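Undergrad: Starting from the known structure of chain A, fit chain B onto it as the hints suggest.
Each protein sequence line maps, in turn, to chains A and B. Just so we're aligned, residue 141 is where the first sequence starts under the numbering used here, counting upward by one. Just so we're aligned, residue 141 is where the second sequence starts under the numbering used here, counting upward by one.
It is worth saying that the hints were derived from the structure and are not from the lab. The model shown is predicted, which means the values in this text are computed figures rather than measured ones. Since no wrong hints were added, every one of them can be taken at face value.
Sample of chain B residues lacking proximity to chain A, with all beta carbon distances greater than 12 Å (derived):
hint	residue
1	166
2	218
3	297
4	385
5	430
6	432
7	433
8	508
Once the Cα atoms are required to be at most 27 Å apart in a straight line, the calculated DSSO-like pairs of lysine-lysine come out as:
hint	chain 1	residue 1	chain 2	residue 2
9	B	268	B	343
10	A	268	B	479
11	B	234	A	479
12	A	509	A	479
13	A	268	A	234
14	A	479	B	268
15	A	509	B	234
16	A	343	A	268
17	A	191	A	239
18	A	239	A	268
19	B	509	A	234
20	B	191	B	509
21	B	479	B	509
22	A	465	A	479
23	A	191	A	509
24	B	191	B	239
25	B	479	A	234
26	B	268	B	234
Estimated spans, in silico, between C-beta atoms of each pair:
hint	chain 1	residue 1	chain 2	residue 2	range
27	A	231	B	367	51 to 61 Å
28	B	214	A	238	33 to 43 Å
29	B	156	A	468	48 to 58 Å
30	A	344	B	471	24 to 34 Å
31	B	238	A	505	24 to 34 Å
32	A	505	B	239	27 to 37 Å
33	A	316	B	266	53 to 63 Å
34	A	218	B	160	43 to 53 Å
Glycine included, C-beta positions come from ideal geometry on N, C-alpha and C.
Protein chains: 2
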Amino acid sequence: MIIDDLYTPCLIIDNAKMNSNIARITSHIGDLGVTFRPHVKTTKSVPIALKCRDGEIGPITVSTIREAEYFADAGFTDIIYAVSMVPGKLARAKALIDKGVELKLIIDDAGVATDISTYGEANDCIFKMMIEIDSDMHRAGLSPDAPAVIEVARALHDGAGTALTGVLTHAGESYNCQSDDEMIAMAEQERAAITTAADNIRKSGYPCPIVSCGSTPTATFAQNLSGVTEVRAGVFVFQDAFQAGVGVCHNNDIALSVLTTVISHKVNQNRIITDAGGLALSKDHSTGGASFDCGYGLVSDLDGNIIDNIFVEGANQEHGLITTKNGDLEFDKYPIGTKLRILPNHSCMTAAAYDEYNVIDGSDEIIDKWQRCNGW
Amino acid sequence: MIIDDLYTPCLIIDNAKMNSNIARITSHIGDLGVTFRPHVKTTKSVPIALKCRDGEIGPITVSTIREAEYFADAGFTDIIYAVSMVPGKLARAKALIDKGVELKLIIDDAGVATDISTYGEANDCIFKMMIEIDSDMHRAGLSPDAPAVIEVARALHDGAGTALTGVLTHAGESYNCQSDDEMIAMAEQERAAITTAADNIRKSGYPCPIVSCGSTPTATFAQNLSGVTEVRAGVFVFQDAFQAGVGVCHNNDIALSVLTTVISHKVNQNRIITDAGGLALSKDHSTGGASFDCGYGLVSDLDGNIIDNIFVEGANQEHGLITTKNGDLEFDKYPIGTKLRILPNHSCMTAAAYDEYNVIDGSDEIIDKWQRCNGW
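Bound-form chain A, shown alone (with noise of 0.2 Å):
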């Protein structure tokens, strides 16, 4: 099968690009002697995280309790559930640990820690927990300073149903870095604050192996990890427009795209229309307050090559509606029936509309299928 074989919009992974991601990365981290801990949110694939790792299972980072499974069953068995767990969804986790899954929890508030801790006394679990520390007020997590950290290290560490297993921060502010000198700022701020908490709980008298911090950018561009004991990131597999405009790669490092076809021609309004839409590419326009705002994806040919004057003006459910950023649309070379590839704003939200990735490498031949997750 070749790429122009496949029923449109679907998932294309250009493996070279995609290896090439990950060894970057991978290298990056490994120079910098910490352990790396790939976050498979955005891939939820298990032939992909293998690849994060030589073709080796080793510790991941999942969004949901339904990609834990998904991994463990493949074999996976180190994993970090790095979304604040609550009790009430304590069964699916005590269930993966009952396989064996040395599975990681996370939480910022010593009342839950309490209450995770008397459900694992009442069903003879012992969860191992980690504390969210909030590196940049992006979202969850506590002041890596704060009494609270060493409130709940307590709570955590004399709880009969729970053992304190380390600090976790994400960076997510690095989204928002406008330069590689910010980037590299962001990076020693989230390990700043992470090795300071684990510092904090370390000189209470409790416990903190793991040190655990990451972002694609800030993974990238990270000077120093003295004191992290682990690096996460996620996108870096695929890369994306954001990436690229906010310079953590570069538009031909993307590895992603979805396949469309263009389905109509709206020459008095100079669109092009397809059929990846909405729901094909997703509603992320997370490039939409940038200078590089690139609609809902950059376009390029069936070969990969992109194509610099046209973009993804819009999005409905099922129609991609595609322009030019000056001029007009040479509609001759776009006819009815042409295939092109998009470049999604943000990976993540985009694979996450599809079952399976069909992959090409070097050539329009279909070399593999991997099937992903989706779901909670």
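TA: Showing chain B alone in chain A's frame:
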């Protein structure tokens, strides 16, 4: 099982509200004397499509061939695929026709008409074709008075592999109307466009049995459908915050919600964090440009009562960020573990992340689970 037993995030349908939404539009379209052909792209679920015709199988509109296959498997036979067809997708259409489905396809190009006829002739198939008409410069289709309408009609009528079956339009610009009067006017504009195209085709000596128009706003506000044979609408079943914002319904009519759990408190940022993020809600921010911006969704309690002062400000992949419109969050009202329901901006996009609906009706009991199809 009761609603509080559900693992979050997941979809909830309020059956009474949905039934009321369906009754309202089917009664209105019935009063206007035309056939109602629901667009199943929103719900993609057989039990819900059946409700649109008192439990009987009726004509439907689909947005993907996958939907056509799913509904055909359930016995639906009168199906319009309302996205421009291209020759490369005909094999699956033919397979449905071979099974006895009265599948109707739409196009807006004479060259494509000829190519489809050629394919049909070569494969012993006559494709029933409709011409897409542009009633509002919203998306695809030919202007009603364009000479190309007659060219396409001729190609379809004369083609050995095609049969001209009618005209179709969708006044998508109705989503930008600002008042009832504007929607009434847009409904009339849509009617005038599609009946003009039908008249032009008939005057040229070609048949035009089906005259199809519709969108939820125009179907709701149409005062006169003279010359129209059928009306399509989709999102009316669930409604959503966008439809409420433009006056098509009230917030209390919204029948779809995402059940979510509070997973973290960020008191220093006046934020509650939930487990319904960008994948659970979609990144559709269609209310963002309007005076009624509700971020990524309105918030209700477990019983469905909308909480006026809070909304979903942000949506990361698996984290929803809820804050207040005014003043400080009352964190004590929403302890970690609390379940809330998020009413989406755009039901079609939100529902697409899930495989099933959980149905409630006047109590917290889950009275049914309905499957839906996704993908292409």
